[in-house]
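Asker: If you read the sequences in order, they're chains A and B. According to my numbering, the first sequence is numbered sequentially starting from 4. According to my numbering, the second sequence is numbered sequentially starting from 100.
Simulated from the structure, these hints should not be mistaken for lab results. There may be inaccurate statements among the hints.
[Claimed, not checked] With the C-beta cut set under 10 Å, the calculated list includes, among others, these residues of chain A facing chain B:
#1 Glu-46
#2 Ser-72
#3 Gly-90
#4 Gly-93
#5 Phe-101
#6 Gly-226
#7 Asp-233
#8 Lys-235
#9 Lys-250
#10 Phe-253
#11 Lys-261
Built from N, CA and C at the ideal position, the CB exists for glycine as well.
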Amino acid sequence: MFLIVKKEQIAQSNYSYWIKAPDIAFAYKAGQFLILRINEKGERIPLTIVDTDLRDGLIRIIFSVVGKSSYNLSMLNEGDTILDVVGPLGMPTHIEQFGHAVIVGGGVGIAPVYPIAKEIKNKGNVLTSILGGRTKELVILRSELKKISEKLIIVTDDGALGEKGLVTDPLNKMIEQGVKIDFVLAVGPLVMMSAVSELTRKYGIKTMVSLNTMMVDGTGMCGCCRCTVDGKTRFACVHGPEFDGHKVDFKEIMQRQKMFYKQEAKFFNQVKEQKNG
Amino acid sequence: MANKRSLRQKMPERPPEERKYDFNEVSKGLTPEQALIEAERCLECKKPKCVAGCPVQVDIPGFIRLIKQKKFTEAADKIKENNFFPAVCGRVCPQENQCEKHCVLAIKEQSVAVGYLERFAADYVRDNIKNDIPAEIKENGIKIAIVGAGPAGLACAGALRLKGYRVTIYEALHKTGGVLTYGIPAFRLPKEIVDNEVAYLQKIGVHIKCNWVIGKIKTIDQLLNKEGFKAVFIASGAGFPSFMEIPGENLNFVYSANEFLTRINLMKAYADYDTPIEVGKRVAVIGGGNTAMDAARAALRLGPDVVYLIYRRSKKEMPARLEEIHHAQAEGIKFIFLTSPVRYESDEHHNVNKVVCLKMKLNEPDESGRRRPVPIKGSEFEIEIDSAVVAIGTHSNPIIPESTPDLPLNKWGYIVADETGKTPKDGVFAGGDIVSGAATVIEAMGAGKTAAESIHKYLTGQK
Ligand SMILES: Cc1cc2nc3c(=O)[nH]c(=O)nc-3n(C[C@H](O)[C@H](O)[C@H](O)COP(=O)(O)OP(=O)(O)OC[C@H]3O[C@@H](n4cnc5c(N)ncnc54)[C@H](O)[C@@H]3O)c2cc1C
Ligand SMILES: Cc1cc2nc3c(=O)[nH]c(=O)nc-3n(C[C@H](O)[C@H](O)[C@H](O)COP(=O)(O)OP(=O)(O)OC[C@H]3O[C@@H](n4cnc5c(N)ncnc54)[C@H](O)[C@@H]3O)c2cc1C
Ligand code: SF4
Ligand code: SF4
Ligand code: FES
């Protein structure tokens, strides 16, 4: 049983939880994730570990409500417990002294970017952060990232927080202006990671992406998380979740993600009906 | 003599028409009357060949004699001297290749049904004897860590605990049992039976920590050097699914057998649990082992119109247990032999809708002694499907090796250990599928028990 110590709604349908899990907190390295199961009948869902508090033995998750399990998770409160939490899982991000690193976070993908950005900063790199969201509200962790970034660029669909457009726009501009970029990390919706990778490929800029495939066990046992990287089948939970963006078959992952779409839609219709009725 | 002896007792089973719609157990177990008749068939051989066929050398004539005397509890205890989980092994051991294969009666008539009797004794005790009081244990305070709560880990934990060690099992999943829990379906091995065995271990004081992936939350070296464990037994199994690496294998609704069975057995996707599973109207299962048979029969219970089982050799070469092949056929699984998939195709939503196959013929026997299948040119044909389950085997998981760089591996990535379970790394022992590659439940348990002896010797300085 894992206690929810602190709950915050940080944007519409985006939540931040601090959970008591000292052993996981101590073992954790940036880039790793956990899998949780709310109760006996719950699904196992993967979420990035966004932050830790070693003094109190806490870990932090940030998630958006997209389906049944994340909805059920969002209905829990401070003082409630989560039945199972397993982690840290996956390979930690490999961070070196790159020079100038640009991190690109989209929507709830900003959450996984944050711990890696901190680590990039700690290793003495110059950090530019490009954050994007549909609305201003959905650009989470703005103040946290502002503190550690040399430069922070925010883009939204409506332009409410600076630039209007997509995260690839400012990145493209920087490249065209001749800004030297040594490393790019992009996390967010698959279309975004795919677009960033296509852009940097042309300029040969090393680009890592963090894949959020479907998962069951998270330990390499089921193969549900498989994806094609460099023409080979890889398991996102053990070989990743980060991969070289220039080698990932994004199309395939996007297709696999729609697998249980029908069942999820059914659930949301039920929720709506309950609310109306 | 021979014609006076009764015929081998038949296992009572639920009829296929009834059982193929649910996950309740198919075999019902011998009645006490049947068990007594069956036990009488045993000659209690002086040099019992059957025992030599059992990987853990259960005293077969010994326990059968006790059944003849109606001492069922004592019979179960006799089995447990060598095999901790008779209720499990009586159900899932490939007896026809082990104990029963070597029974002297197998030559002229039918072998004694050792497995049925083993199951009978174990079930009788579980159902009729309420308090199995834990044996008194003399504590020695020495801490041992076990990685993985499958049959190898559980057996090792039990043996060490009875010797007085303080045993902690670390299990990656949220539930114990390994393949017994996530792989073998409930219609073959009801989950209460596994839970019951685990509860017994907990009752005698074995600590179990679920949701702990060793290599991630703690490494083997940390267990030994920082957490005060004097030895570690690695029993992490061989659960890394293999794929054929053919086009279309990553299409939607193409599952690995492990994913498919885990969603069903561990996550109870067929009940009102939140994990989805969908098979559509036509399912193809690829493979010919126990896993393929379990996947096919589990798929059938999700209610499709048809389940195909596609195997590249013929029925004779199938590695699955005979009993399971019979069960699958009786339930209506359509076997397609001498056939191998070459690619999958899909509809516009990338959901699989076709498996394209080649017909095969059998050549001369290969190293494994089985005849090697070769494709017949121009024999390509299609089967329309809505889902596929790939059950072509597993290999070793990289998590522990990667986090323990000085642990030697063989060329297939399995951990190197001698016949006592000792690895070249000091204080580290290993056994079960992670050493042998995919094998059997009883072999894994045997390895766990042997390793317990070996760890005890290592720590007490005995030769
Ligand atoms: C390594 C890893 C780290 C992750 N980190 C985070 C995180 O920090 N915060 C967070 O909010 N989410 C994260 N995710 C995604 C998260 O696991 C899913 O959002 C969650 O499983 C959804 O569960 P659900 O039952 O609510 O929805 P589901 O039932 O799984 O699906 C709901 C709908 O969302 C779509 N969907 C499902 N999974 C994903 C996905 N991974 N990405 C995009 N769409 C999806 C489905 O097609 C469906 O339409 C991560 C995933 C992985 C693999
Ligand atoms: C579907 C199926 C059907 C089968 N049917 C039969 C049958 O009828 N008869 C028979 O004799 N055999 C059968 N087998 C084979 C048999 O189940 C295995 O040989 C046996 O379970 C191996 O036991 P084990 O303890 O070595 O490993 P497993 O049973 O695989 O258990 C290993 C455990 O270790 C855990 N683990 C792995 N990595 C870590 C880690 N890093 N940290 C912590 N825990 C970890 C796993 O989660 C798992 O619980 C079948 C196998 C399958 C897959
Ligand atoms: S453990 Fe298995 S092989 Fe040994 S006697 Fe029992 S059923 Fe036979
Ligand atoms: S070989 Fe057959 S008859 Fe002889 S003891 Fe074993 S089971 Fe009984
Ligand atoms: S989630 Fe099961 S293998 Fe990756």
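Asker: Next, verify each hint and record whether it holds.
Answerer: Taking the hints in turn, this is what the structure says about them:
1. Glu-46: Result: holds, 4 Å to nearest chain B Cβ.
2. Ser-72: holds, 6 Å
3. Gly-90: holds, 7 Å
4. Gly-93: At about 8 Å, which falls below the 10 Å cut-off, the nearest Cβ of chain B leaves the hint on Gly-93(A) intact, so it holds.
5. Phe-101: Check failed: Cβ of Phe-101(A) comes no nearer than 24 Å to chain B, outside 10 Å.
6. Gly-226: holds, 4 Å
7. Asp-233: Since chain B brings no Cβ nearer than about 13 Å to Asp-233(A), farther than 10 Å, the hint is violated.
8. Lys-235: holds, 8 Å
9. Lys-250: Because about 15 Å separates Lys-250(A) from the closest Cβ in chain B, which is outside the 10 Å limit, the hint is violated.
10. Phe-253: violated, 13 Å
11. Lys-261: This hint holds: Lys-261(A) lies near chain B, its Cβ roughly 7 Å from the closest one there, short of 10 Å.
Against the hints set out earlier in the document, violations occur for numbers 5, 7, 9 and 10.
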